[in-house]
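**Student:** Chains S and W are the protein sequences, given in the same order.
Start counting the first sequence at 1; every next residue gets the next number (the working numbering).
Start counting the second sequence at 1; every next residue gets the next number (the working numbering).
Hints were generated in silico from the structure; no laboratory data involved.
Watch out, some of these pointers could steer you wrong.
Pairs of lysine-lysine residues, derived as DSSO-like cross-links and limited to a Cα-Cα distance of at most 30 Å, are as follows [unchecked claim]:
#1 S:322 <-> S:92
#2 S:232 <-> W:415
#3 S:92 <-> W:119
#4 S:322 <-> W:232
#5 W:114 <-> S:92
Sample of chain W residues with no beta-carbon within 10 Å of chain S, all distances over it, derived [said to hold, decoys possible]:
#6 32
#7 34
#8 60
#9 105
#10 336
Have a look at the derived ranges for each label pair, beta carbon to beta carbon [unchecked claim]:
#11 S:169 <-> W:63: 27 to 35 Å
#12 W:398 <-> S:15: 40 to 48 Å
#13 S:241 <-> W:117: 34 to 42 Å
#14 W:398 <-> S:117: 54 to 62 Å
Glycine included, every Cβ here is placed at the ideal spot set by N, Cα and C.
2 protein chains.
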Amino acid sequence: MIEYKNDFIWKADADITQAMENAFKKIVEEKENGVSGYFTLGSDSLPVMEDACSYAAANPYVKETDTIVVIGIGGSSLGTKAIDSIFKYQNKNVKKMIFLENPDEIDLSEKLSKIERDKTLFVVVSKSGSTIETISIFKEIIFKFSLDYADADKDHIMVITDRGSVLDQFAGAYGIKAYHIPANVGGRFSVLSAVGVVPLSIAGYDVKSILEGASATAERFFAQKENHIVKKAAFFTQYRESASINVLFSYATCLEDFTKWYVQLWGESLGKINACENHTGLTPIGHIGSVDQHSFLQLIMQGPRDKTVTFIKVYDFEKEMKVPDITLKFIEKTDYINGYSFNELIDGECEATKESIIKQGINVDSITLDSLSEKNIGSLIIYYELLTSLCGIMLHINTYDQPGVELGKEILQKKF
Amino acid sequence: MIEYKNDFIWKADADITQAMENAFKKIVEEKENGVSGYFTLGSDSLPVMEDACSYAAANPYVKETDTIVVIGIGGSSLGTKAIDSIFKYQNKNVKKMIFLENPDEIDLSEKLSKIERDKTLFVVVSKSGSTIETISIFKEIIFKFSLDYADADKDHIMVITDRGSVLDQFAGAYGIKAYHIPANVGGRFSVLSAVGVVPLSIAGYDVKSILEGASATAERFFAQKENHIVKKAAFFTQYRESASINVLFSYATCLEDFTKWYVQLWGESLGKINACENHTGLTPIGHIGSVDQHSFLQLIMQGPRDKTVTFIKVYDFEKEMKVPDITLKFIEKTDYINGYSFNELIDGECEATKESIIKQGINVDSITLDSLSEKNIGSLIIYYELLTSLCGIMLHINTYDQPGVELGKEILQKKF
Chain S
1 MIEYKNDFIW KADADITQAM ENAFKKIVEE KENGVSGYFT LGSDSLPVME
51 DACSYAAANP YVKETDTIVV IGIGGSSLGT KAIDSIFKYQ NKNVKKMIFL
101 ENPDEIDLSE KLSKIERDKT LFVVVSKSGS TIETISIFKE IIFKFSLDYA
151 DADKDHIMVI TDRGSVLDQF AGAYGIKAYH IPANVGGRFS VLSAVGVVPL
201 SIAGYDVKSI LEGASATAER FFAQKENHIV KKAAFFTQYR ESASINVLFS
251 YATCLEDFTK WYVQLWGESL GKINACENHT GLTPIGHIGS VDQHSFLQLI
301 MQGPRDKTVT FIKVYDFEKE MKVPDITLKF IEKTDYINGY SFNELIDGEC
351 EATKESIIKQ GINVDSITLD SLSEKNIGSL IIYYELLTSL CGIMLHINTY
401 DQPGVELGKE ILQKKF
Chain W
1 MIEYKNDFIW KADADITQAM ENAFKKIVEE KENGVSGYFT LGSDSLPVME
51 DACSYAAANP YVKETDTIVV IGIGGSSLGT KAIDSIFKYQ NKNVKKMIFL
101 ENPDEIDLSE KLSKIERDKT LFVVVSKSGS TIETISIFKE IIFKFSLDYA
151 DADKDHIMVI TDRGSVLDQF AGAYGIKAYH IPANVGGRFS VLSAVGVVPL
201 SIAGYDVKSI LEGASATAER FFAQKENHIV KKAAFFTQYR ESASINVLFS
251 YATCLEDFTK WYVQLWGESL GKINACENHT GLTPIGHIGS VDQHSFLQLI
301 MQGPRDKTVT FIKVYDFEKE MKVPDITLKF IEKTDYINGY SFNELIDGEC
351 EATKESIIKQ GINVDSITLD SLSEKNIGSL IIYYELLTSL CGIMLHINTY
401 DQPGVELGKE ILQKKF
């Protein structure tokens with residue numbers, strides 16, 4: 001169960017109500033016309049998941065591995081990593097996942113030094129199939145581990161890419177196992193496609209529940225039972241001139257990579273030149289509570305009034321590690337928290353911070369998960385994707401492209 | 001060596017030139033009047049470092065530990081963690097550092113499960129001495145490891161706090177080793193005080209070089225040999241209405257925690273209500289290249305023109321892990337990078353991204369380190385602290401307080 005609540009100080013007038021109705025119609029069209037394919041991944045990816053599980057069970061090499069190394073960057077790794085980070089400490093029986101993203105020598109050497117060649121499945125993820133960072137790191141893997149990808153070691157490798165991409169052709173030429181990303185699913189919307197589903201399933205996560213959570217929420221949304229998402233998009237886009245920054249404040253350390261996924265989704269989808277040739281968009285910032293109360297909160301409270309704040313918290317009554325009932329001489333004033341659970345402390349921090357921000361007249365909304373369950377996380381993923389699409393519609397932009405990053409790629413190639 | 005360069009599109013008029021001169025005079029006054037004590041920590045902390053090293057060498061328990069657990073949050077941990085993250089993979093002989101920051105059950109349990117009681121020094125860091133998250137986690141440590149802090153296990157513990165704080169009194173009552181933070185050094189400016197110097201020295205890092213780097217840069221600055229810092233502060237504050245966000249794009253994975261330190265320093269110092277009762281400040285965002293080129297770059301390129309971008313890169317010619325000269329069938333178009341080092345690839349990414357952003361007319365500046373040396377990092381820390389003070393002076397605010405976070409603390413206490 002996820003509860004969504006907002007304390008927005010506004011009222012939708014007739015124009016905005018009309019804009020919300022239009023946006024809903026438009027997103028239905030996007031789904032029906034396949035403008036993006038992410039809407040139905042909750043069900044479309046079930047057979048992909050089943051195939052990955054069967055493959056992992058049937059292939060003697062893959063079955064025996066204890067580590068999955070994902071070689072990918074941006075949309076090819078962020079979502080998968082977010083899910084791994086959320087569940088890895090709760091699922092002690094899953095395979096270890098290592099993400100090779102940045103072509104940074106110190107980071108790369110350190111991670112490579114921890115990899116055991118013959119206990120590892122290397123999963124190369126690239127939608128285009130020729131992402132320079134990813135393919136360069138893949139070459140280093142082949143070199144360092146003397147991988148005979150054409151023959152003896154082909155089971156050590158798997159690729160996830162667009163059908164027909166150069167990486168797909170490479171895999172096809174040597175009989176390397178390949179999974180495909182639907183052509184109309186962009187990187188940052190792809191976590192519930194093969195991109196996330198395949199490595200997470202092979203690692204042993206309950207991907208089925210994640211997909212079911214996503215599916216159920218998408219169905220409820222298209223049956224107009226989640227209209228709060230449309231309202232939130234209307235509010236964010238309507239007030240973007242005065243509040244162009246959205247701070248996502250997650251009160252759980254394991255959600256840090258989820259906030260990075262959100263930053264990519266939001267920033268890359270909504271930062272665009274619109275139909276009228278204006279630069280538009282909403283700037284996403286991710287923070288973790290209560291740590292960043294000791295960092296970013298002062299700026300929210302007293303800095304420029306250009307921010308909205310979204311709180312995510314997990315109110316899990318089953319968590320019961322308690323602050324011990326210990327009194328330390330001279331520090332008795334901290335005893336008011338003794339006997340309460342750490343979960344209650346962090347929940348109190350979240351609520352107190354929220355109240356103090358609301359008192360400044362800053363617009364705030366809350367997302368409360370009753371547990372860090374797979375269903376809730378699947379639901380939260382599709383919630384943010386739908387919210388992003390709706391904001392894009394209301395901003396009159398193409399949510400699904402990223403023309404602004406091409407120039408850098410062209411310049412890079414000329415440098416070598 | 002650090003090279004600072006900017007491509008700001010502006011020219012300081014007579015008023016701005018005057019404001020820069022005034023700001024320099026004011027920061028000299030701040031130093032001379034002890035408004036903040038961070039300016040001279042490069043030299044002031046040398047005896048603290050020496051004492052910590054002597055203590056660690058002389059105390060049989062501390063000498064034999066292999067892990068330092070820092071219990072602290074915000075300014076009590078961010079800077080220390082940033083330095084540990086930068087150097088830990090380059091210094092294989094240092095003690096392992098674990099940071100207990102967030103009172104989050106999943107995160108805390110996981111970290112506690114990795115701690116060996118009798119090989120660990122627990123360092124409790126809190127300026128006020130009664131930070132609720134820190135003291136609650138400290139109680140959990142006492143409980144879980146049955147620490148007899150009053151007697152047999154007092155060597156397992158150390159505190160770093162303000163002289164006379166409740167935590168200091170607690171330590172004094174039981175003969176627990178305590179180090180003190182200068183009263184006029186706030187949390188976010190405290191990394192070069194006992195807060196960072198003591199645990200990092202005991203861990204075995206070359207803290208002396210970090211302090212020397214900081215000292216040398218501070219001296220050069222006050223001798224007016226680093227006037228580019230004043231100019232940058234003038235530019236950032238002058239253009240804050242049109243560019244209120246500064247994105248720090250660091251091209252090295254190990255600088256991720258450094259960007260978090262910067263976010264606290266910048267956000268908490270500059271997000272203030274000014275003398276005219278206006279909300280002011282500059283919003284800091286940290287990103288890592290090349291990873292976040294695949295995430296946030298699109299927003300910078302095509303989104304609202306409200307950002308400046310600072311690039312940090314490390315151009316270290318000694319790094320020589322090369323992209324192997326391997327041609328993968330069908331993916332030949334990535335071969336242009338074969339034979340170049342990964343450091344050259346990431347440097348090329350940084351330069352290409354910078355050029356593409358400059359072409360949009362966005363203001364950009366660059367900080368280039370010739371290596372990730374201790375001296376350079378000490379210098380970079382004081383650079384950012386001086387820049388922050390100068391921005392605060394030009395914004396007519398108190399850079400060193402944080403009144404906005406008190407309300408949340410009051411509300412929290414009433415909840416229990």
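**Student:** Look at each hint and say if it fits the structure.
**Tutor:** Hints versus structure:
For the suggested pair residue 322 of chain S and residue 92 of chain S, the alpha carbons sit about 22 Å apart, so the restraint of at most 30 Å is met. Distance check on the hinted pair: residue 232 of chain S and residue 415 of chain W sit about 29 Å apart at the alpha-carbon level, within 30 Å; holds. Note on residue 92 of chain S and residue 119 of chain W: the hinted pairing holds, with a Cα-Cα distance of about 25 Å set against a maximum of 30 Å. Between the alpha carbons of residue 322 of chain S and residue 232 of chain W the distance comes to roughly 48 Å, so the proposed pair goes past 30 Å and is violated.
A distance of roughly 14 Å separates the Cα atoms of residue 114 of chain W and residue 92 of chain S; the hinted pair therefore holds under the 30 Å criterion. The Cβ of residue 32 of chain W lies farther than 10 Å from every Cβ of chain S, with a closest approach of about 27 Å, so its non-interface assignment holds. Its beta-carbon lying about 23 Å from the closest one in chain S, residue 34 of chain W satisfies the requirement of being farther than 10 Å from that chain. The Cβ of residue 60 of chain W sits about 26 Å from the closest Cβ of chain S, beyond the 10 Å cut-off, so the non-interface label holds.
Residue placement check: residue 105 of chain W does not keep its beta carbon more than 10 Å from all beta carbons of chain S (closest about 5 Å). For residue 336 of chain W, the shortest C-beta to C-beta distance to chain S comes to about 5 Å, within the 10 Å cut-off, and the non-interface label is violated. Separated by about 59 Å at the C-beta atoms, residue 169 of chain S and residue 63 of chain W break the suggested range of 27 to 35 Å. As the Cβ distance of residue 398 of chain W to residue 15 of chain S is approximately 43 Å, the hint placing it in 40 to 48 Å holds.
Taking the beta carbon of each, residue 241 of chain S and residue 117 of chain W are about 56 Å apart, not inside 34 to 42 Å as hinted. Distance hint check for residue 398 of chain W and residue 117 of chain S: the Cβ-Cβ separation is about 57 Å, which falls inside the suggested range of 54 to 62 Å.
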